[in-house]
Amino acid sequence: MLKKRIIATVIVKDGIVVQSKTFNKYLPVGKISVSLEFLDKWGIDEIVLLDISASKNGSKLVIEQLQDAVKNCFVPLTYGGGLKNMSMVHSVFHKGADKVSFNRAFFNDKDLISNVAKEFGKQSVVVSLDFVEKNGEAFLYDYYNAKETKTDLKDAIIEAEQLGIGEILINCVNRDGMYNGYAINTIKSLKELSVPLIIAGGARGYMDFEECLNLHQVSGLAAGNMFHFVEHSVTKLKSQLKSKLIRKNLDFNYDNHTLSFDQRLEKLDDNKLEKFLYEKLLDREIC
Amino acid sequence: MIKNKEFLIGIVDYNVGNVNSVKNAIEILGYRAIISNDIKVLNHCSHLILPGVGAFKEAIEQLRNSGLIDFLEEFIFKEKKPILGICVGMQLMFNSSSEDGYHIGLGWLGGDVKSLNVPKDFKLPHVGWNNIELKNNNLFYNIENGVDYYFDHTFECIASENIVIATTNYPNKIDSAINKNNIYAVQFHPEKSQIDGLRIFKNFIELC
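Chains as they are written, first to last, in our numbering: chain H, -8 to 278; chain A, 869 to 1076.
Don't read these hints as lab results, they were simulated from the structure. Where is the CB? At the ideal position from N, CA and C, for every residue including glycine. Take the hints with a grain of salt, since some may be wrong.
Stated by the list, open to error - If you anchor each label on the Cβ, the simulated ranges turn out as follows:
hint, chain 1, residue 1, chain 2, residue 2, range
1, A, E1074, H, K138, 56 to 62 Å
2, H, L264, A, K1003, 20 to 26 Å
3, A, I903, H, K109, 23 to 29 Å
4, H, F252, A, K1003, 40 to 46 Å
5, H, Y17, A, E1012, 56 to 62 Å
6, H, I149, A, S966, 26 to 32 Å
7, H, K138, A, T1035, 47 to 53 Å
8, A, D968, H, M169, 41 to 47 Å
9, H, M169, A, S914, 52 to 58 Å
10, H, N136, A, F990, 33 to 39 Å
Produce the entire structure from the sequences given, and follow the hints as far as they go.
What follows is the structure, given as structure tokens:
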């Protein structure tokens, strides 16, 4: 059975990973390579790396350090930010991205998106759409000009699907970093898409994930801020989620399935830990 | 921390896709890996990996242009050294593909590549983590039946020979891994499947 993906969005501003709040306040977190490595080790299913300063000031900081940043990342990585032409897309794939995400190009260069889909296959192209909720309706948000548009989110999704792309990511701007849950009403109102849909914006804890996991529209659930500044945030989330729809991965430092009364991960059984005591373990123990 | 100097893993670079992540995975396991399109370099390798991302047409054209096919066939059929195809790299090994027209493949494996056949409420591409049902094979040493791997594809290989060593359901059965003599291939991405993916590489290098 295909699992629903738990995805981490790593937002990068001026070369530093940040937490973002409604697209206008930012809190620094740290180095990209460290964030990616930790998320991978904690068992995330996929990572979306977004450089939010790339479109606006043409910075290539993230692309330049991408190759080193992915050295310890063994999950699929989507890169987004400042992709203006085919040669940039080429270099991003070459440096270690598996997919590219387009946001700005959806407004001003749709041909680029469909060309990339043709050359690299539709499975490697994600279109990311920001939206705002207003009086129970959802409108497309133009991040570059920092203003909302009059385009209905549903129409934008249909338009994106027609470009022959592989996935759509929708991000709710008014919920970004606000910890008030996914835009569940908007998501529910979407009709069946032909491509997988990833939702983002507002997730705080496992309750939010649980609420949306069962929706047939949703293939991936993304969150950003809640994964930072908390040890084993992903592992803990996956332990809290009882759903069989997600991938449970086993690590050997902690028990993947039990949480203590205060919602912390339980350590492994003492006998098991003792077994490790005299064994030299590689960074990644695979046998 | 080079673990074993007798192995040198060649990653065939024919201008398609994400070759660096395969190299990363092999190096983290402590083996030497080299990305190249130079026959002299690849000829020294003990194992080859044929990676692949993207569309079949683009990939087969690039491979033909690289002029590596004769060398690869000698490596596999004469020298009998092992090769591992990944994703589109696997699809290329079959007779033909119907992705975006009709294209002749390398014909190393019996069967064809066709579009995934899914009911209406299943989305394409087939992207995400899905579990595999595996048969007993060296490639799966120390890997439990039913573990999840990362898939990302719209077309599937339909083998006409008895070479399938793992299958996946979406919701119909997909041939997700094959083995014929010294040819190994997987539809999923072991370089993107965390520890169970690394195990595949380790097994391929040590046991195949």
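Measuring from beta carbon to beta carbon, are L264(H) and K1003(A) in 20 to 26 Å? With a Cβ separation near 35 Å, L264(H) and K1003(A) fall outside 20 to 26 Å, so the hint is violated.
Return holds or violated for the Cβ distance of F252(H) and K1003(A) against the range 40 to 46 Å. Holds, at about 44 Å.
Indicate whether the distance between the beta carbons of D968(A) and M169(H) respects the range 41 to 47 Å. 43 Å, holds
Pairwise beta carbon distance, I149(H) to S966(A), judged against the given window 26 to 32 Å: 27 Å, holds
Range first: 47 to 53 Å. Now tell me if the beta carbons of K138(H) and T1035(A) are that far apart. Hint holds: Cβ distance 50 Å, inside 47 to 53 Å.
Look at the Cβ atoms of E1074(A) and K138(H) and judge whether their distance stays inside 56 to 62 Å. 57 Å, holds
Taking 23 to 29 Å as the stated bounds, is the beta-carbon spacing between I903(A) and K109(H) within them? Distance hint for I903(A), K109(H) holds at roughly 25 Å.
Y17(H) and E1012(A), beta-carbon distance inside 56 to 62 Å? At 42 Å between Cβs, range violated.
Is 52 to 58 Å respected by the C-beta to C-beta distance linking M169(H) and S914(A)? Since the Cβ atoms of M169(H) and S914(A) sit about 54 Å apart, the hinted range of 52 to 58 Å holds.
Evaluate the given range 33 to 39 Å for the C-beta pair formed by N136(H) and F990(A). 37 Å, holds
Checked against the numbered hints given earlier, this structure breaks hints 2 and 5; the rest are met.
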